[in-house]
Each structure stands twice: as C-alpha cells, then as structure tokens.
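A.B. asks: Okay, here's what each chain looks like letter by letter:
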Amino acid sequence: MSKILGIDLGTTNSAMAVMEGGEPKVLENAEGNRTTPSIVAISKSGERLVGLLAKRQSVVNPKNTIFSVKRLIGRKFSDPYVLEDKQWLSYEIKESEHGGVSIVMGDRSYTPEEISAMVLQKLKADAEAKLGETIEEAVITVPAYFDDSQRQATKNAGEIAGFKVRRIVNEPTAAALAYGLNKKKDEKIVVYDFGGGTYDISILEVSDGTVEVKATGGDTHLGGDDFDKRIIEYLVSEYKKNEGIDLSKDSLALQRLKEAAERAKHELSTTQESEINLPYITSDASGPKHFLMKLTRSKLESLVEDLIERSIKLVKEAVTAQSPKGAGLELSAINEVVLVGGQTRMPAIQEAVKKLFGKEPHKGINPDEVVAVGAAVQAGILQGDVKDILLLDVTPLTLSIETLGSVATPMIEKNTTIPTSRTQVFSTAADNQTSVEIHVGQGERSMMVDNKTLARFILDGIPPSARGVPQVEVIFDIDANGILNVSAKDKASGKSQSVKIEASTSLSKEEIEKLKQEAAKFASEDAKKKEFVEARNQAESLVYLAEKSLRESGEKVEAGVKESVQKNIDALKAVKDGDDLPAIQSATQELSKELQKIGEAMYNKKEEPKKEPNEPQPGSNQSV
Amino acid sequence: MEEKDKNNASDITEESELQKLERERDEYLEGWKRAKADFINYKHDESRRVEEMIAFSNKALIYELITVLDSFHIAITSHNNAKETKGLSIILGQLEESLKRFGLEKITVTPGVPFDPNTQEAIQEVVSDKPAGTVDEEVSRGYALHNKVIRPARVQVSKGQAS
Numbered sequence: 007m008s009k010i011l012g013i014d015l016g017t018t019n020s021a022m023a024v025m026e027g028g029e030p031k032v033l034e035n036a037e038g039n040r041t042t043p044s045i046v047a048i049s050k051s052g053e054r055l056v057g058l059l060a061k062r063q064s065v066v067n068p069k070n071t072i073f074s075v076k077r078l079i080g081r082k083f084s085d086p087y088v089l090e091d092k093q094w095l096s097y098e099i100k101e102s103e104h105g106g107v108s109i110v111m112g113d114r115s116y117t118p119e120e121i122s123a124m125v126l127q128k129l130k131a132d133a134e135a136k137l138g139e140t141i142e143e144a145v146i147t148v149p150a151y152f153d154d155s156q157r158q159a160t161k162n163a164g165e166i167a168g169f170k171v172r173r174i175v176n177e178p179t180a181a182a183l184a185y186g187l188n189k190k191k192d193e194k195i196v197v198y199d200f201g202g203g204t205y206d207i208s209i210l211e212v213s214d215g216t217v218e219v220k221a222t223g224g225d226t227h228l229g230g231d232d233f234d235k236r237i238i239e240y241l242v243s244e245y246k247k248n249e250g251i252d253l254s255k256d257s258l259a260l261q262r263l264k265e266a267a268e269r270a271k272h273e274l275s276t277t278q279e280s281e282i283n284l285p286y287i288t289s290d291a292s293g294p295k296h297f298l299m300k301l302t303r304s305k306l307e308s309l310v311e312d313l314i315e316r317s318i319k320l321v322k323e324a325v326t327a328q329s330p331k332g333a334g335l336e337l338s339a340i341n342e343v344v345l346v347g348g349q350t351r352m353p354a355i356q357e358a359v360k361k362l363f364g365k366e367p368h369k370g371i372n373p374d375e376v377v378a379v380g381a382a383v384q385a386g387i388l389q390g391d392v393k394d395i396l397l398l399d400v401t402p403l404t405l406s407i408e409t410l411g412s413v414a415t416p417m418i419e420k421n422t423t424i425p426t427s428r429t430q431v432f433s434t435a436a437d438n439q440t441s442v443e444i445h446v447g448q449g450e451r452s453m454m455v456d457n458k459t460l461a462r463f464i465l466d467g468i469p470p471s472a473r474g475v476p477q478v479e480v481i482f483d484i485d486a487n488g489i490l491n492v493s494a495k496d497k498a499s500g501k502s503q504s505v506k507i508e509a510s511t512s513l514s515k516e517e518i519e520k521l522k523q524e525a526a527k528f529a530s531e532d533a534k535k536k537e538f539v540e541a542r543n544q545a546e547s548l549v550y551l552a553e554k555s556l557r558e559s560g561e562k563v564e565a566g567v568k569e570s571v572q573k574n575i576d577a578l579k580a581v582k583d584g585d586d587l588p589a590i591q592s593a594t595q596e597l598s599k600e601l602q603k604i605g606e607a608m609y610n611k612k613e614e615p616k617k618e619p620n621e622p623q624p625g626s627n628q629s630v
Numbered sequence: 086m087e088e089k090d091k092n093n094a095s096d097i098t099e100e101s102e103l104q105k106l107e108r109e110r111d112e113y114l115e116g117w118k119r120a121k122a123d124f125i126n127y128k129h130d131e132s133r134r135v136e137e138m139i140a141f142s143n144k145a146l147i148y149e150l151i152t153v154l155d156s157f158h159i160a161i162t163s164h165n166n167a168k169e170t171k172g173l174s175i176i177l178g179q180l181e182e183s184l185k186r187f188g189l190e191k192i193t194v195t196p197g198v199p200f201d202p203n204t205q206e207a208i209q210e211v212v213s214d215k216p217a218g219t220v221d222e223e224v225s226r227g228y229a230l231h232n233k234v235i236r237p238a239r240v241q242v243s244k245g246q247a248s
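Protein chains in written order, with this note's numbering: chain A, 7 to 630; chain B, 86 to 248.
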C-alpha cells in the first residue's frame with residue numbers, strides 16, 4: 007500500500023506532504039524547494055514548463071504563462087469574478103462550449119482543470135522521485151468557500167494528473183488538523199489565512215470528531231504582495247525626494263528594489279531595523295548613484311496599517327455578523343485561532359489577531375506549509391496511520407543509574423518517546439567486588455542524592471576479579487504504559503536480577519515542571535559537583551593503575567623512575583580526597599606524565615638486543 | 086475525521102467479535118510493519134541528509150554573499166575604465182575563488198543562445214539584433230552550488246529587430 011500524498015493546491019504556490027513514521031513531512035520538489043509556483047507555460051520553443059521554470063520566463067512570455075488558475079477553476083465564464091479577473095490576466099480566456107472557462111496557451115485551449123492537472127502532475131512526479139515509490143492517491147485541499155462545481159473540478163484535475171483523489175478537504179480544516187484541533191470538543195476555531203495574493207477567513211466548529219464550516223470571509227485580492235507594493239512605493243518616493251530620480255522608470259533598478267523590499271519585509275519580522283543597500287542602483291550626469299536607506303519595523307507597520315486593519319475588520323465581520331454573512335458569534339466565543347500563510351509571520355498581524363480574540367494564535371508550524379501538513383494528516387487518517395491508540399507518550403524526566411561517586415548516569419533521557427529500551431555495560435569499582443548495587447533514579451540533577459529514588463536492588467555472585475574487569479549489563483525498558491523494568495546481568499556468571507517500577511511517568515505536570523526548574527537553578531552547582539567527582543574518580547583509577555604498573559614493572563624500570571612515580575602517587579593520594587579541585591587535577595596530570603616513563607622504559611628494555619656472555623665479539627680477544 | 090457534509094455517508098457493518106479482533110490484529114500488524122519500514126527508510130535517508138546538510142550548510146551565507154558579488158560587478162561595469170577598476174576586479178576575483186572552494190560556480194551565459202529557464206530568469210524583453218528568443222545580455226550572474234542552481238542568471242531576452 008503506497009502513501010497518500012497531501013496536496014495544498016494554492017493560487018500562487020502549492021505544497022505537498024506525506025506521513026512518515028507517524029509524522030507529517032513536507033516534500034521538496036525537484037528543484038529542492040518546499041513550495042512550487044502554481045504556474046504553467048508553453049515556452050517559445052514549444053516546451054511545456056511547470057513551476058519555477060515557468061515563472062522564470064513569465065516576463066517574456068506573458069500570453070502563454072498561466073497563473074492563478076485557481077481563480078477560474080469550476081466557475082462559469084459569466085461569473086462576475088471571472089469577468090473581473092479577465093481585466094488583469096496577461097493570458098487569454100474565453101467561454102467554452104459548455105459555458106465554462108477556456109484558457110488559451112500556445113496553439114490550443116485548455117480547461118482550468120487541465121492546467122491545474124499539470125501542476126499536480128509535476129508534484130506527483132517529484133514526490134515519486136523523492137520517495138522512490140509510485141503515488142496513486144491524494145488528498146487535495148480547496149478553500150472553504152468553494153462550491154460543488156469548484157470542488158468537482160479540482161477533483162477532476164487530480165484525476166487527470168493520475169491520482170485517485172481520496173478526499174477533497176477544506177483548507178481551514180486541514181490547518182486545524184495540522185494543529186490537532188480536530189480532537190477538541192464543541193470548540194469554535196478561526197482560521198486566519200493571509201497568503202501572497204489572497205486573504206481567507208474561516209470560522210469552524212469542531213465536535214465529536216466532525217468539523218463544520220460556520221462562515222467564511224476575506225478578500226480574494228488582498229495578500230502579502232500588497233505589502234511589498236507599499237514598501238516599494240515608499241522607497242521609490244523617498245529616493246525621488248532625496249535624489250530627484252524616479253526609479254520606477256528603470257525596470258532593472260525596480261527589479262533590484264523589489265527583491266530588496268521583500269527581503270527587508272522578512273527581516274523586519276525578527277529585527278527592528280533593516281538596511282536596504284543597493285550600490286550603483288542608477289546613474290545620472292554626475293555619475294553612479296547608490297541606494298542606501300534604513301527601514302524600521304514601525305515605519306513598515308505604518309505603511310501597511312490600513313491593510314492590517316481591513317483584515318481585522320473582515321475577520322470581525324465573519325465572526326459576529328448574523329448568518330449567512332457571518333457565524334453570528336461573539337468574539338469571546340472563539341476558542342482557538344490558527345494562522346496560515348507567509349504574511350502571518352509579521353508581528354503586527356500576530357499582535358492584531360491576539361488583541362482581537364484575547365488569545366495566543368497557533369503559529370508553530372511553518373505558515374506556508376500548514377495546509378499541506380494538514381492534508382497529509384488527513385491522508386494518514388484515511389490510511390489508518392493516525393489513530394489515538396498510536397499516540398505515543400514521552401518519559402518526562404531522565405532515568406538514571408548511580409555510578410561511582412554518587413553520580414547520576416543517564417540511561418533514558420527526558421522526552422524520549424516510549425516504548426523504548428536502553429542498555430549499557432558497567433563494571434566494578436574495587437578489586438574482588440562480588441556484588442553491585444543498582445540504584446535507579448529519576449530527575450535532572452547530576453548527583454543521585456538530589457534525584458528521586460525509584461528502586462534499589464543488589465546483583466551478587468559476580469566472580470572475584472580486578473576492578474573494571476567484570477561486565478554487568480544493565481537494561482532500562484519502558485513499555486507503552488510507562489512501566490519501567492530494570493534488569494542487571496553479570497555476563498560471566500549469567501546471574502541476573504530485575505525490578506519492575508510502575509510509577510515512572512506518574513508525576514503531575516506541576517511536579518515535573520518544578521523538578522525541571524530546580525535542575526536549571528542548580529545546573530552550574532551540579533556541574534561543579536560532577537566535575538569534582540569525575541576528577542576524584544580519575545585520580546583513584548590513576549593511583550590504582552600506577553601502583554599496579556610499579557608492581558609489575560620489576561627490574562625493567564630504573565629505581566630513579568620508580569621513585570619519581572611513587573612520589574607522584576603519594577602526592578596525588580594526599581590531595582584526592584580533599585576539596586581542592588585544581589590541586590587534584592594538577593597532581594593527576596603530573597602522575598600521568600611520570601607514569602608514561604614506565605611505559606617508555608619497558609619498551610626500551612624490550613628492544614635492546616640480547617647479549618650472550620660467551621659469544622665471540624668481532625675484534626675481541628677470545629679465550630678457549 | 087469527518088467534515089459535516091452531505092457527501093460523506095458512513096457504512097455500518099455487522100461483524101463478529103472474532104472478525105473484529107482479526108481486523109484489529111491485521112491493522113496493528115500492518116501499522117507496526119509500516120512504522121518499522123519508515124524507521125529503516127529514515128535511517129537510510131539520514132546519511133544522505135547529513136551529506137546534503139554538510140554540502141549545503143553554507144548555502145545561506147553564500148547566498149548573501151552573492152549580493153556582494155553583484156555589487157562588485159555593477160561597480161566595475163559602471164566605471165567603464167579597466168585601469169581604474171583593476172583593484173576592484175582583483176578583489177572580486179579573490180572573493181569568487183574563495184567561494185569556488187566551497188562549491189560555488191558561475192553559470193555561463195552566452196548571448197545569442199536560446200533562453201534556458203533551467204539556469205536563467207528573464208528580466209525583460211528587448212529589441213535586439215540577436216535572434217528572437219535568445220539571450221541579449223546578462224544583467225546579473227547566476228550561480229550553482231554543488232551543481233544545483235541557487236540563483237539563476239538574470240538576462241534580457243531578445244525579441245528580435247524592431248519591425
């Protein structure tokens with residue numbers, strides 16, 4: 007069973023997503039972009055171009071470059087919207103024999119469905135190339151205000167493209183799905199969709215797993231492009247004021263200005279000021295001219311204030327006006343607000359929406375992709391991917407085991423999705439240690455004493471050996487119900503012991519939050535303590551190793567080296583249990599350096615040629 | 086999830102407890118296999134993603150620097166005096182060489198050759214002695230990063246001689 011593709015077939019841009027591993031994933035197209043311009047063209051050489059390639063030649067081939075076909079799909083030619091759009095479309099449209107719209111491209115006519123199918127075909131091909139599998143089915147989104155004819159036409163477009171269209175979903179519903187709002191009960195949701203060329207409002211009611219569109223509104227000719235126009239007009243007028251040159255007459259300068267304006271607009275969503283720097287923008291009798299201007303966020307907001315106000319007025323109308331104009335609700339009755347469309351990244355828009363409804367809008371998902379993400383979620387539901395029973399939990403706090411020096415060694419980090427299992431091998435701290443205590447803790451602190459103890463048990467029967475030799479395998483396993491099983495097994499003897507802990511995820515949200523905040527508060531103190539313990543452990547190990555090396559080196563190492571090493575051992579022993587961390591670290595380093603001399607001496611000894619006492623040496627006096 | 090719509094009627098079928106359990110078992114097994122397959126595929130993809138990330142980690146920085154390259158080009162052509170702009174040309178060469186080491190290559194544009202939307206973007210159409218539909222002039226350079234176009238060359242396209 008292949009994946010179902012979720013498609014946001016937009017007026018200006020389209021996007022696609024699939025469910026992967028239970029999560030929606032936006033797919034890149036062949037050009038490596040996450041959105042695809044909804045543009046089709048026949049080039050002057052007769053080649054069909056779709057997407058970015060069609061866009062790149064639109065300026066020189068306007069008659070045969072078809073864009074915004076979503077404005078025409080499923081409508082009659084006599085529809086007032088069609089007649090209005092006909093005024094500004096650069097390509098020719100005429101009435102088809104059935105009263106629909108016929109689009110002239112190249113030497114023939116196409117229906118809007120056929121044009122949209124070309125965009126969908128490209129998305130299909132790119133998705134198949136990306137996923138390495140055939141895609142046969144799709145979920146396609148449409149505006150909530152689309153009538154039956156427009157929905158059917160969109161479905162036909164999908165079928166022409168080679169899809170079996172499993173569902174036509176409303177765009178605001180898809181956005182609500184993306185945020186998981188379909189699980190809400192008896193809630194009213196506003197979807198505020200401010201894209202590049204259109205502004206759509208939808209009022210939804212969610213109950214018992216169903217979503218009903220109560221009202222729609224908006225302005226099909228208001229979008230982010232209007233914001234860009236305002237900025238360009240301002241920059242051109244300021245430059246004319248200061249330099250006396252009208253840049254709008256210079257198409258190349260205007261092109262650079264347009265890009266710079268868009269970049270500045272994006273930047274001002276995260277900064278208070280943006281510099282527009284365009285050297286050699288034009289020239290006059292005095293020589294080259296440059297463009298250098300600062301644009302502040304507050305200036306930008308003043309330039310588009312009326313557009314934002316208009317959008318707020320329209321959404322207020324859609325919510326409060328009586329049916330059929332609006333949903334007939336109070337603003338306070340709205341439970342959730344969802345932001346869709348790139349322009350909603352603007353802080354002034356987010357603030358205006360928040361102020362109107364008195365609540366923080368949902369905006370965590372990329373607003374350019376949220377509809378495609380929602381379409382993928384719907385696809386997943388149809389495919390059986392998304393079920394409540396498959397909703398996975400996470401372990402809220404780190405689960406750890408106590409190791410030498412009372413350090414809490416993490417086994418399962420906080421926010422790990424469960425069920426899961428982690429295994430680590432530990433050893434003994436002392437020679438001939440025949441048992442280990444497994445102390446299981448929960449919490450974010452570095453020292454076990456500061457965390458919550460979940461369980462303690464002993465594994466004994468470990469064969470006596472030098473420290474660090476035994477291998478004790480410890481497994482932490484949490485099942486989907488949050489039950490933790492901890493087991494310890496000695497690999498040599500095969501002996502094992504285990505414990506089951508029921509309450510590893512039963513802390514309340516407040517308790518978890520409190521523990522996390524405590525950990526943050528004591529983070530640097532805990533880090534110091536851990537550093538101390540690690541330094542002491544290292545010192546202990548080094549002393550053990552040094553003493554062992556001295557014992558085993560025997561005659562191979564000179565007395566002088568042995569003495570020096572012993573001196574450093576004594577120096578480290580004197581400080582390792584104290585509180586002076588720099589002293590411990592320095593003594594450890596010194597001993598480590600001295601210890602290397604033992605190794606060097608032993609290697610040198612090994613390489614010296616063996617001298618037999620009676621073997622005649624060349625040139626020596628020999629006795630018989 | 087259902088949208089309240091007259092077109093969505095749900096079918097109700099009777100099934101026995103055994104059939105229900107069998108159906109659920111098959112669903113769960115299918116879901117488990119799918120999740121496992123997704124994970125395996127994700128791991129395969131991961132190494133490719135890491136490689137891509139390494140190759141394109143500088144993309145945003147390089148993309149910003151292309152604007153600086155543009156300014157250098159405009160400055161040099163504006164002065165129209167090779168002697169005066171020699172220093173600028175050398176600095177530009179330095180910058181281009183440095184970026185080349187990170188995979189940035191200039192897209193070659195030849196006037197008189199048919200316009201190619203794969204690597205070029207048409208800014209405007211102009212009257213020209215070059216054949217219609219071919220490149221009249223390159224307005225700003227295009228660049229590819231690791232053989233992938235990150236900024237198409239901006240060109241003026243010829244519409245042929247004025248009639």
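Hints are computed from structural coordinates only; laboratory data are not their basis. All residues carry an ideal CB built from backbone N, CA and C; glycine is no exception. Take the hints with a grain of salt, since some may be wrong.
[Unchecked claim] Label pairs and their computed distance ranges (CB to CB):
| # | chain 1 | residue 1 | chain 2 | residue 2 | range |
| --- | --- | --- | --- | --- | --- |
| 1 | B | R133 | A | G105 | 49 to 55 angstroms |
| 2 | A | K562 | B | I125 | 50 to 56 angstroms |
| 3 | A | M299 | B | I125 | 40 to 46 angstroms |
[Stated by the list, open to error] Derived pair list, reagent style EDC-like, types lysine to aspartate or glutamate, alpha-carbon separation capped at 20 angstroms:
| # | chain 1 | residue 1 | chain 2 | residue 2 |
| --- | --- | --- | --- | --- |
| 4 | B | K191 | B | D201 |
| 5 | A | K69 | B | D130 |
| 6 | B | K128 | A | E29 |
| 7 | A | K50 | B | D201 |
| 8 | B | K144 | A | E273 |
| 9 | A | K69 | B | E210 |
| 10 | B | K233 | A | D132 |
| 11 | A | K246 | A | E281 |
| 12 | B | K118 | A | E281 |
| 13 | A | K458 | A | D437 |
| 14 | A | K31 | B | E137 |
| 15 | A | K136 | B | D201 |
A.B. asks: Hints first: check each against the structure and report whether it holds.
C.D. replies: Tested hints:
1. B:R133 / A:G105: 49 to 55 angstroms: holds (51 angstroms)
2. A:K562 / B:I125: 50 to 56 angstroms: Holds, at about 54 angstroms.
3. A:M299 / B:I125: 40 to 46 angstroms: Hint violated: Cβ distance 54 angstroms, outside 40 to 46 angstroms.
4. B:K191 / B:D201: holds (15 angstroms)
5. A:K69 / B:D130: Status violated; Cα separation ~42 angstroms.
6. B:K128 / A:E29: holds (15 angstroms)
7. A:K50 / B:D201: holds (11 angstroms)
8. B:K144 / A:E273: holds (18 angstroms)
9. A:K69 / B:E210: Distance ~13 angstroms between K69 of chain A and E210 of chain B Cα, so the pair holds.
10. B:K233 / A:D132: holds (16 angstroms)
11. A:K246 / A:E281: Between K246 of chain A and E281 of chain A the Cα gap is close to 18 angstroms, so the pair holds against 20 angstroms.
12. B:K118 / A:E281: Distance of about 53 angstroms is beyond 20 angstroms: violated.
13. A:K458 / A:D437: violated (30 angstroms)
14. A:K31 / B:E137: holds (17 angstroms)
15. A:K136 / B:D201: violated (25 angstroms)
Violated hints, in rising order: 3, 5, 12, 13 and 15; the structure is consistent with all others.
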